[in-house]
Amino acid sequence: MLDIQLRNAISEAFQSLFDHSLPADDITLQPTRKEFAGNYTFVVFPFLKITKGKPEDSGQKIGEWIKANTEWIKDFNVVKGFLNFELKDVHWVNRLHEISQDENYGSLPANGEKVMVEFSSPNTNKPLHLGHLRNNFLGDATARILAANGYEVMKVNLVNDRGIHICKSMLAYQQFGNNETPESAGLKGDHLIGKYYVRFDQEYKKEINELVESGTQPEAAKKEAPSILAAQAMLQKWESGDPETVALWEKMNDWVYAGFDQTYDTMGIRFDKMYKESDTYLLGKDIVEEGLGKAVFFKKENESVWVDLTEEKLDEKLVLRGDGTAVYMTQDMGTCEMKHKDFPFNKSVFVVGNEQDYHFKVLFAIMKKLGRSYAEGLYHLSYGMVDLPSGKMKSREGTVVDADDLLQEMFDTAEKHTRELGKIEGMDEKEAGALYHMLGLGALKYFLLKVDPKKRMLFNPKESIEFQGHTGPFIQYTHARISAILRRANTLEVSSVFDTNNVTDLSVREIDLIYKMTEFTTALKEAAKDYSPAVVAQYVYDLAKEYNGFYQEVPIFNEENKDKLSFRIALSLATARLIRKSMYLLGIDVPERM
RNA sequence: GGUCUACUAGCUCAACCGGAUAGAGCAACUGCCUUCUAAGCAGUAGGUUCCAGGUUCGAGUCCUGGGUGGAUCACCA
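In this note's numbering, the protein residues as written are 464 to 1057.
The reader is advised that the hints may include incorrect statements.
[Said to hold, decoys possible] Within a straight-line C-alpha distance of at most 20 Å, the following computed EDC-like cross-link-like pairs (lysine to aspartate or glutamate) qualify:
no.	residue 1	residue 2
1	Lys686	Glu670
2	Lys577	Glu839
3	Lys879	Glu929
4	Lys1008	Asp1052
5	Lys988	Glu566
6	Lys668	Glu687
7	Lys537	Glu615
8	Lys1025	Asp962
9	Lys893	Glu670
10	Lys748	Asp728
11	Lys658	Glu643
12	Lys537	Asp552
13	Lys1044	Glu615
14	Lys988	Asp488
15	Lys497	Asp968
16	Lys736	Glu615
17	Lys913	Asp1005
Read the hints as simulated data drawn from the structure, not as lab findings.
Full structure from sequences and hints, please.
Here is the structure:
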């Protein structure tokens, strides 16, 4: 890497000029701002105590030393305390040569560490919605980014398939279902179940209203309504293994899973392992015992078990009910332990919305107190909610954006745009269909991934469907464009191998483009460190934009530039490859033509 | 009320753990399709980075106080 060479040179300059040992690792370089000449900038302000001089003089001295003692500085300049280095063309040419010749450029070697990424985690009582999409795309992209950083990655999905909410849809189906099936209803399984979940809520509300009208207090009515009592009874039956209840539960679950599978398939998302809460909800009780033994937990009068986290400013938290049944925290402690047994990870990432920040703080603090070796590696990838222009999504008010509907809308819009632009001539129906899918999904994924995961974001349907500007399709388009050039180069038998000695006089555009390419690895590492696909999204957009500028500058197949032809083809080839790699990290496919 | 979190152009978002004149996209306006794909390119306009103090060579970024929005504080999951 060039910047490492430069950092080493600065380190040597400090040794030689100021007799001071400054490790290259402590030196940071930044891209030179466009208004100034240069590629890399070294800020000298922090080192004035060492140089014992004015910022300008110190910069000048360092610059002169490096120019004199290395071969690859074309020039340097000092503005205030900013030392800007301009590198000779030949070094950019060499960089491109490396990048374009190395198929695996930017890949990082295996680091021997294992990381588990848990995401999606749907409820089996309703279809996936917009919030799940952000979760799924984020989890999938994060897993890809970690894998590209050398981790062995395991993607898991913990399905919430039991509990009172599941019984609600079961009950409504029993009462009003008339043996309806997904086939007979013409609905995906998850949507069919969702329908009955809504149905339950309608009945329940009706009953509450009737009770209130007949003089019951609203709070009491909520607890006394026949529907909710029936649902609670059903949950007990389920927990005691009543065959009829379990059979219904299994039948309805099969429908839901079939529906989910279809949606995951459409999104291009797969898991290495599925965990079901019905298998894990009893776990964690031995950990409670262990915690009591270690005096990490304590009992209150009514036998309920608590953990005191006031030192961590997290207050006291219940870990087991007085009647000995498990709560969410009990379960999660158990699941944590089981996951680690299944796959002895160094890191475990939980992709869960930020409304559960407190829960995970507590969970991680407990695991630390219990002395779990893996506790340090637990990470809550806490993402912000997705808001709609109309406000928050509320299932009761019908303002939920359904995942399947949204995906279909994206595909339809992609088709409409593509047809309007007349881009499908020469494509058969299958190819065109695949393209609509690629573009629609790419637009949606990019839209949701380009925002910092931690931040709450606004989902404006109109903008998400946009195919121009800072969007997935813009990047896909750039790739298709480059592909066209590479096809032409192929027919003209122009090689992408060039003589590094014969290429000179690079344009600013060309240097900027190569510079951008060298930042791929940096972006990849940073994305893994921050668990933020948004870093990659921003990177690939910048790269594509830079290429488009270069593309516009001068025709690549131009007689006057014949000596540069191979160089330019190599530039295109390398850009296309890096776009493909980056988009792969986001889980977005990229077309050869569009 | 306690805790956490956000606030940047009309709108949606950036700003590489403190660096130069805060950047993109959308929307608005001006140019560019007879040359490799115009889903593109070039340009104009748009800012008291919520407010007030502080820290220092230097603050959107760090500290203190305040304002506004959101989340969370269940023997729910």
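Hint check results:
With a CA separation close to 11 Å, the supplied pair lysine 686 and glutamate 670 stays within the 20 Å bound. With a CA separation close to 14 Å, the supplied pair lysine 577 and glutamate 839 stays within the 20 Å bound. As the CA atoms of lysine 879 and glutamate 929 are separated by approximately 12 Å, the hinted pair is consistent with the 20 Å bound. Note on lysine 1008 and aspartate 1052: the hinted pairing holds, with a Cα-Cα distance of about 18 Å set against a maximum of 20 Å.
As the CA atoms of lysine 988 and glutamate 566 are separated by approximately 19 Å, the hinted pair is consistent with the 20 Å bound. Proposed proximity of lysine 668 and glutamate 687 is supported: the alpha carbons are some 12 Å apart, at most 20 Å. For the given pair, lysine 537 sits about 43 Å from glutamate 615 by alpha-carbon distance, which is inconsistent with the 20 Å threshold. With a C-alpha separation of about 13 Å, the suggested pairing of lysine 1025 with aspartate 962 holds against the 20 Å cut-off.
Restraint check: the Cα-Cα separation between lysine 893 and glutamate 670 comes to about 52 Å, which exceeds 20 Å; the hinted pair is violated. This hinted pair does not check out: lysine 748 and aspartate 728 have alpha carbons roughly 36 Å apart, beyond 20 Å. Our distance criterion of 20 Å between C-alpha atoms is met by lysine 658 and glutamate 643, whose separation comes to about 11 Å. Among the hinted pairs, lysine 537 with aspartate 552 is consistent with the structure: their alpha-carbon atoms are about 8 Å apart, no more than 20 Å.
Simply put, lysine 1044 and glutamate 615 have alpha-carbon atoms about 18 Å apart, close enough for the 20 Å limit, and the pair holds. At roughly 16 Å between alpha-carbon atoms, lysine 988 and aspartate 488 fall within 20 Å of each other, so this suggested pair holds. Note on lysine 497 and aspartate 968: the hinted pairing holds, with a Cα-Cα distance of about 19 Å set against a maximum of 20 Å. For the suggested pair lysine 736 and glutamate 615, the alpha carbons sit about 14 Å apart, so the restraint of at most 20 Å is met.
Between the alpha carbons of lysine 913 and aspartate 1005 the distance comes to roughly 12 Å, so the proposed pair stays at or under 20 Å and holds.
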